Amino acid sequence: MGAPFKKFEAHASGGPRIREIPMRMVLPNLVTVLAICAGLSGIRFAFEDRFEPAVVMVLLAAFLDGIDGRLARMLKATSKFGAQMDSLADIVNFGVAPALVLYAFLLDRAGSPGWIAALLFTIACGMRLARFNVLADDTDQPAWQTEYFVGVPAPAGAVLVMLPCYLYFLRLGLEPTRGAAFVASGFTVLVAFLLVSRLPVYSGKSVKVPGDRVLPVILGVVLYILLLMAYPWYTLTASVAGYLVFLPFSVRAYSKRAIREGEKVPPSDIG
Numbered sequence: 001m002g003a004p005f006k007k008f009e010a011h012a013s014g015g016p017r018i019r020e021i022p023m024r025m026v027l028p029n030l031v032t033v034l035a036i037c038a039g040l041s042g043i044r045f046a047f048e049d050r051f052e053p054a055v056v057m058v059l060l061a062a063f064l065d066g067i068d069g070r071l072a073r074m075l076k077a078t079s080k081f082g083a084q085m086d087s088l089a090d091i092v093n094f095g096v097a098p099a100l101v102l103y104a105f106l107l108d109r110a111g112s113p114g115w116i117a118a119l120l121f122t123i124a125c126g127m128r129l130a131r132f133n134v135l136a137d138d139t140d141q142p143a144w145q146t147e148y149f150v151g152v153p154a155p156a157g158a159v160l161v162m163l164p165c166y167l168y169f170l171r172l173g174l175e176p177t178r179g180a181a182f183v184a185s186g187f188t189v190l191v192a193f194l195l196v197s198r199l200p201v202y203s204g205k206s207v208k209v210p211g212d213r214v215l216p217v218i219l220g221v222v223l224y225i226l227l228l229m230a231y232p233w234y235t236l237t238a239s240v241a242g243y244l245v246f247l248p249f250s251v252r253a254y255s256k257r258a259i260r261e262g263e264k265v266p267p268s269d270i271g
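Residue numbers (this note's numbering): 1 to 271.
Errors might be hidden in some of the hints.
In the DSSO-like style, the derived pairs of lysine-lysine whose C-alpha atoms are separated by at most 30 Å in a straight line are [stated by the list, open to error]:
no.	residue 1	residue 2
1	LYS208	LYS256
2	LYS205	LYS256
3	LYS80	LYS256
Here are the in silico distance ranges between beta carbons for each label pair [said to hold, decoys possible]:
no.	residue 1	residue 2	range
4	PRO216	TRP144	23 to 29 Å
5	LEU75	TRP144	34 to 40 Å
6	LEU215	TYR243	22 to 28 Å
7	PRO210	ALA253	27 to 33 Å
8	ARG171	LEU215	16 to 22 Å
9	ALA136	PHE249	48 to 54 Å
10	LYS208	VAL245	31 to 37 Å
11	LEU34	LEU219	27 to 33 Å
12	ASP49	ARG252	41 to 47 Å
13	VAL222	ARG260	32 to 38 Å
14	TRP144	ASP108	41 to 47 Å
15	VAL222	ARG44	42 to 48 Å
16	TYR243	LYS80	44 to 50 Å
If you're looking for bench data, these hints aren't it; they were derived computationally from the structure.
Note that the structure is predicted; figures quoted are calculated from it, not measured.
A virtual CB, placed ideally from N, CA and C, is assigned to each residue, including glycine.
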């Protein structure tokens, strides 16, 4: 008779090993690994001075890293192993890869200040992710506050910080000069502070689309994707500008919601 199912089994040639893993449990982890491969490939392309494919690979890594958790929840395939893999992938794809690609493209022309800016962004991203994991286990906060991120989320930070690359790829006559490198370094530090700030950023998780508006919403999403494919750098530049404009409105909406809920909002919670 066969032994009953066990999560781990002893093995004569080594320690315990995992056995009988359903395929649906493997798929999210596979997406996570592919995201890491994309992020590291972006770094390689940057070192080879192939900056457009480098940025594309970093954005692909951010996209894949953003959907692996949702895929796991959809397939009911969440696991501690997957959570640890996802956390490790996040720091690579949202922190290390964008910083190194931007440094190889432009920040290195600023010398040490450029490297310091890249380091600050990566460290801020790691701290942002650690805070997210801690706050995810907080069951004491009001339900409405879960609709807001604390600080700019790491995936958005990765897209924001590469704005100098998008502007250069638009072929508007901008050159990766030393002066531009110092400006980009300042922008990188700004994004780093947005990541670790207490800025309330609306997540949109609770948004429900009315039935009569589903088709227009789908059409709008398809239009955005088509624009991203046809005019990637214009679309990304416009997206970054729109996101930065959206942040003050998010703070205002949070403050109004807090007043409506009868809760005191410390200044540090909105800035």
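Confirm or reject the claim that ARG171 and LEU215 have a C-beta distance inside 16 to 22 Å. For ARG171 and LEU215 the Cβ distance comes to about 36 Å; the hint is violated.
Within 41 to 47 Å or not, the Cβ separation of ASP49 and ARG252? Since ASP49 and ARG252 have Cβ atoms about 43 Å apart, the given range 41 to 47 Å holds.
Mind checking the hinted window 48 to 54 Å against the Cβ distance between ALA136 and PHE249? 25 Å, violated
Falls inside 27 to 33 Å, the C-beta gap from LEU34 to LEU219? 29 Å, holds
Distance restraint hint 34 to 40 Å, applied to the beta-carbon atoms of LEU75 and TRP144: Violated - the Cβ-Cβ distance for LEU75 and TRP144, about 29 Å, lies outside 34 to 40 Å.
Cβ-Cβ distance between LEU215 and TYR243: within 22 to 28 Å? 25 Å, holds
Between the beta carbons of VAL222 and ARG260, is the distance compatible with 32 to 38 Å? 35 Å, holds
Whether the CB-CB distance between VAL222 and ARG44 falls inside 42 to 48 Å: 32 Å, violated
Assuming the hint says 31 to 37 Å, is it satisfied by the Cβ distance from LYS208 to VAL245 or not? Roughly 24 Å apart at Cβ, these two residues miss the hinted range, so it is violated.
Does 27 to 33 Å hold as the CB distance between PRO210 and ALA253, or does it fail? 20 Å, violated
Hinted pair, alpha-carbon criterion (30 Å max): LYS205, LYS256. Please report holds or violated. 19 Å, holds
Take the C-alpha atoms of LYS208 and LYS256, compute the straight-line distance between them, and say whether it is at most 30 Å. 20 Å, holds
Hint compliance for this structure: hints 3, 5, 7, 8, 9, 10, 15, 16 are broken, all remaining hints hold.
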